[in-house]
Amino acid sequence: ADAQLLDTLVANGFITEAQANSMKGSSSDKDPVYVTPKRSDTKKLVIRGRAQFQFGYVSPSSDVDGAPTNDYSTFEIRRLRIGTQGSLYQNLKFDFRMNLLPEGANLDTGTMVYTGIDGVDIGVGKTKPVIGMEEATSSTDIITIERSYAANFFAAEKNVGMWAEGEAGPIALVAGIFNGENENDNVIDSDLDSHFQYNLRAGFDASDYLPEDMSAGIFFDTIQNQDNDSDEAYQFEQSYSLGAEFEVGAFGIMGNLLWGTLTEEEADVTGVVVMPWFYVTPKLQIVGQYDYLDSNTSDTIGVQSRYLGRAAIDDAKGDSDADEGDKWQSWYLGANYYISGNNLKVMGGVAYSTLENEGTDQVEAVTVYGALRMRF
Amino acid sequence: ADAQLLDTLVANGFITEAQANSMKGSSSDKDPVYVTPKRSDTKKLVIRGRAQFQFGYVSPSSDVDGAPTNDYSTFEIRRLRIGTQGSLYQNLKFDFRMNLLPEGANLDTGTMVYTGIDGVDIGVGKTKPVIGMEEATSSTDIITIERSYAANFFAAEKNVGMWAEGEAGPIALVAGIFNGENENDNVIDSDLDSHFQYNLRAGFDASDYLPEDMSAGIFFDTIQNQDNDSDEAYQFEQSYSLGAEFEVGAFGIMGNLLWGTLTEEEADVTGVVVMPWFYVTPKLQIVGQYDYLDSNTSDTIGVQSRYLGRAAIDDAKGDSDADEGDKWQSWYLGANYYISGNNLKVMGGVAYSTLENEGTDQVEAVTVYGALRMRF
Amino acid sequence: ADAQLLDTLVANGFITEAQANSMKGSSSDKDPVYVTPKRSDTKKLVIRGRAQFQFGYVSPSSDVDGAPTNDYSTFEIRRLRIGTQGSLYQNLKFDFRMNLLPEGANLDTGTMVYTGIDGVDIGVGKTKPVIGMEEATSSTDIITIERSYAANFFAAEKNVGMWAEGEAGPIALVAGIFNGENENDNVIDSDLDSHFQYNLRAGFDASDYLPEDMSAGIFFDTIQNQDNDSDEAYQFEQSYSLGAEFEVGAFGIMGNLLWGTLTEEEADVTGVVVMPWFYVTPKLQIVGQYDYLDSNTSDTIGVQSRYLGRAAIDDAKGDSDADEGDKWQSWYLGANYYISGNNLKVMGGVAYSTLENEGTDQVEAVTVYGALRMRF
Chain A
44 ADAQLLDTLV ANGFITEAQA NSMKGSSSDK DPVYVTPKRS DTKKLVIRGR AQFQFGYVSP
104 SSDVDGAPTN DYSTFEIRRL RIGTQGSLYQ NLKFDFRMNL LPEGANLDTG TMVYTGIDGV
164 DIGVGKTKPV IGMEEATSST DIITIERSYA ANFFAAEKNV GMWAEGEAGP IALVAGIFNG
224 ENENDNVIDS DLDSHFQYNL RAGFDASDYL PEDMSAGIFF DTIQNQDNDS DEAYQFEQSY
284 SLGAEFEVGA FGIMGNLLWG TLTEEEADVT GVVVMPWFYV TPKLQIVGQY DYLDSNTSDT
344 IGVQSRYLGR AAIDDAKGDS DADEGDKWQS WYLGANYYIS GNNLKVMGGV AYSTLENEGT
404 DQVEAVTVYG ALRMRF
Chain B
44 ADAQLLDTLV ANGFITEAQA NSMKGSSSDK DPVYVTPKRS DTKKLVIRGR AQFQFGYVSP
104 SSDVDGAPTN DYSTFEIRRL RIGTQGSLYQ NLKFDFRMNL LPEGANLDTG TMVYTGIDGV
164 DIGVGKTKPV IGMEEATSST DIITIERSYA ANFFAAEKNV GMWAEGEAGP IALVAGIFNG
224 ENENDNVIDS DLDSHFQYNL RAGFDASDYL PEDMSAGIFF DTIQNQDNDS DEAYQFEQSY
284 SLGAEFEVGA FGIMGNLLWG TLTEEEADVT GVVVMPWFYV TPKLQIVGQY DYLDSNTSDT
344 IGVQSRYLGR AAIDDAKGDS DADEGDKWQS WYLGANYYIS GNNLKVMGGV AYSTLENEGT
404 DQVEAVTVYG ALRMRF
Chain C
44 ADAQLLDTLV ANGFITEAQA NSMKGSSSDK DPVYVTPKRS DTKKLVIRGR AQFQFGYVSP
104 SSDVDGAPTN DYSTFEIRRL RIGTQGSLYQ NLKFDFRMNL LPEGANLDTG TMVYTGIDGV
164 DIGVGKTKPV IGMEEATSST DIITIERSYA ANFFAAEKNV GMWAEGEAGP IALVAGIFNG
224 ENENDNVIDS DLDSHFQYNL RAGFDASDYL PEDMSAGIFF DTIQNQDNDS DEAYQFEQSY
284 SLGAEFEVGA FGIMGNLLWG TLTEEEADVT GVVVMPWFYV TPKLQIVGQY DYLDSNTSDT
344 IGVQSRYLGR AAIDDAKGDS DADEGDKWQS WYLGANYYIS GNNLKVMGGV AYSTLENEGT
404 DQVEAVTVYG ALRMRF
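Chains as they are written, first to last, in this note's numbering: chain A, 44 to 419; chain B, 44 to 419; chain C, 44 to 419.
To be clear, the hints were calculated from the coordinates, so they are not data collected in a lab. None of the hints are false.
Put simply, identical chains are the same to the list, so a pair is met inside one copy or across any two.
Heads up, simulated DSSO-like pairs for lysine-lysine below, C-alpha to C-alpha not over 30 angstroms straight-line: (1) Lys136 / Lys87; (2) Lys87 / Lys326; (3) Lys86 / Lys326; (4) Lys136 / Lys81; (5) Lys86 / Lys136; (6) Lys171 / Lys370; (7) Lys136 / Lys326; (8) Lys388 / Lys81; (9) Lys87 / Lys388; (10) Lys81 / Lys326; (11) Lys370 / Lys201; (12) Lys388 / Lys136; (13) Lys388 / Lys171.
Produce the complete structure using the sequences and hints provided.
Listed below in structure tokens is the structure:
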């Protein structure tokens, strides 16, 4: 409207034509070029991203023959994602995100969600079937540098599917169906019995029934993945998670029980995570985590892949099986400094971890972590 | 110009300094950050993309020993592309698009086009040598969920090259030269005889000579690909397409004849596509397609790769050659609902297909398709 | 502030309410959608990219048995990169760039830099440890179509690390530590002795001490890469570069001496580059380059990989070792036409190159180059 306004002001005799022209001229000279979406149906378009730089050092030890005795350290780009999201019309949102790493790029998540039905959103595309409290938390928001090994062991890979999610008062429900084969592959392989995995989630937010400085919630998730075979996208036949979170003032605690049956070995596996935290100041948070994973079958559990797994796996190239067991325990203590919430933060932590097999110690390790995380 | 205008108005005594300052202040407080191109030479920059989600189910049958008897179904991201296009100066346009899929990312097309010569555009980069009516139509605009097998069989992969295109009244011409080896590889391999493929296209738009509610066009394409060898980017020595399209009111029909000689086997292959359509309402379109492919040499033709090919190829891992033949026929009937033209649409269709070899039935199949397609 | 300004003008009685409304209405009707960053912490966000299209033809000859006798030519996308850069707050800059090529996509560079300390910037992420005058020059700014073989031979791959860079008057210093293993892999492999490479750089800009139409600088770089093994990211145990640049009026010259010891073979290698240039007009530049590489060990030096390497390597599949030697020399003469500085330019050049081994001619070749380079 600038040019129009200037013309109006000239017409009304409040500024001179020369004044108007000088302003028009200088304006168009400096007019910046803004990036736009290509088509006018697009009502909103943002660019987003996250970058996570990470240091890790692990010092393992073991009595097992040939087991890891070497320390391992690295500095790496843990995650780097660039994405674009927006809406076509009022009610159709899209969100496409790319993994962009030195070793290659691919589609991390790519979804379209219809939000036009009251109380229910319908989505389609590649996303994560979610099981467990930590998996339900974005990697930009987790308060330990790595999720627990229990969380990782029960986690499902992102895959292509469809889902619906709805809220009714304090209750939230999600139901999804995903390709059950070929993790991170777009396409179901042509088996006799192509199959899907089903993800059901229910949450209850008790915060409205509690005093003002308290919040709490209870969450149940399951993935049903029957008729699985060797091309499985998810290693469990079925898995379950029951979790709760409670916050009062600067203190909070999360507990998570996970259990399920592996398709191969038919082992029953149980995981437990307990994670208390405390805000020393609004920007400084202390976090502890107890991480427990137990299998009723020996050699079905490994070690946290980042970073103990790299050291242990390396030596397993020899003849050591120190990285296989039936009982994992890990204790983590860390601190997070929130320079600007989850948009920019520095994290540090140390973990002591053990793996046993049939009651025998396999490997124990101390891991030291440091992280710089940003998003835009 | 806002600040300048405000200052002028103050100088001219029409608003007070306080009014001006309040407007300046509130403006800069809320100023959103807009994404811009890095350099001021860039006169335009847009972000664009397309996402295509697709369901397929195929039920094949055959009398051939060991041939497919299994049904196959999938839900997949058929295409997901993100791109940026713009112009340096008035006459130099660039357009870079990325394939972004769960299985990886790469450059789909990347072109620079000089539009400063009257009537002729000169381009350079990676794009598609085009042969055939359906290949000339973007995947966002095709009216069947998959292009015909005839179209796919004659299609050339995108490759790096140079081209010129011009228009003179109702006539349009395109001439291009492309790397003839190593499809989707950037670089010509160092053979004794590196070679190129040549693409020539001519179109005649008869619409100006027809009554107002009619439009029609005739199109001729060829790819000349002599001196080919085993690293060929395109499987034909030479190929030709003659096509026509005619629309009157809500009704339209496309016909396409394709023929050429394969480099290996030296088989002569002929394809025919006939595709009528009808708009029941401005948003609902019915489409039929007859798809025919014939070779004078047995075992040189296969089946539509999506989705029959996945089922048939799978069993061909055994000893069946039910997916090789010399005569393919397919009948497709579909409906498209245009929520917002080609920016957002839902498509459904069903196809009945047969493959014969030397007069014997190899495989017959029913395929059911569903698709959701958007672009921004 | 437009709407506010209009309201103010109405309130002050200088335009009518109808005039104001008409301007408001027409403005909001046409409001374009601008792309924005997702989060308000992001103070700046730009989209950038470069595209480099390139033609090469090489005609080699040799007396060595089985050595290349074939000419080789190609047209290719030399580089295509798309990136996004911006700042979180005043002092934290990020810059993420993707290689986007027909053969795939990955992270080219991805950095975060803190600029809040006076005189020193601290960076983290994937970038290039820099050694040599040409490696210190971006591929958008180099004045030969390819960097010299001496520069390429001493160059280090981009890798993940941390660095600090500072300036004090005419002196600039950079110190960096990078992963020393697995070039272009994010992660250090779990060897007994994971190791790092160290990059130190110092520059002295003498321009302030010279007459106005002169500029000059001297630059020293080193990479220290001890404890290297077979997974090395960089082939030198240690390497050094001493370079100088001098410009007077339209004339300039660069000289660079490089030396170092290879980890394998423990060969001592020396490189020399001399590159004069002259601006015939402000847009037309003539460039010459002498490129010399010498090793004290036979068979440790090859040939410029683009494009002689492709021809020579091809025939080396036979039993020729014409592409191995101990002494490389190359003479390049080229011209660059700057349509818009380094934002858009056309380059052409021709090189005569020889490789010797123990005083015997291995291969000699003429290479012709052409290039179109743009950035946005």
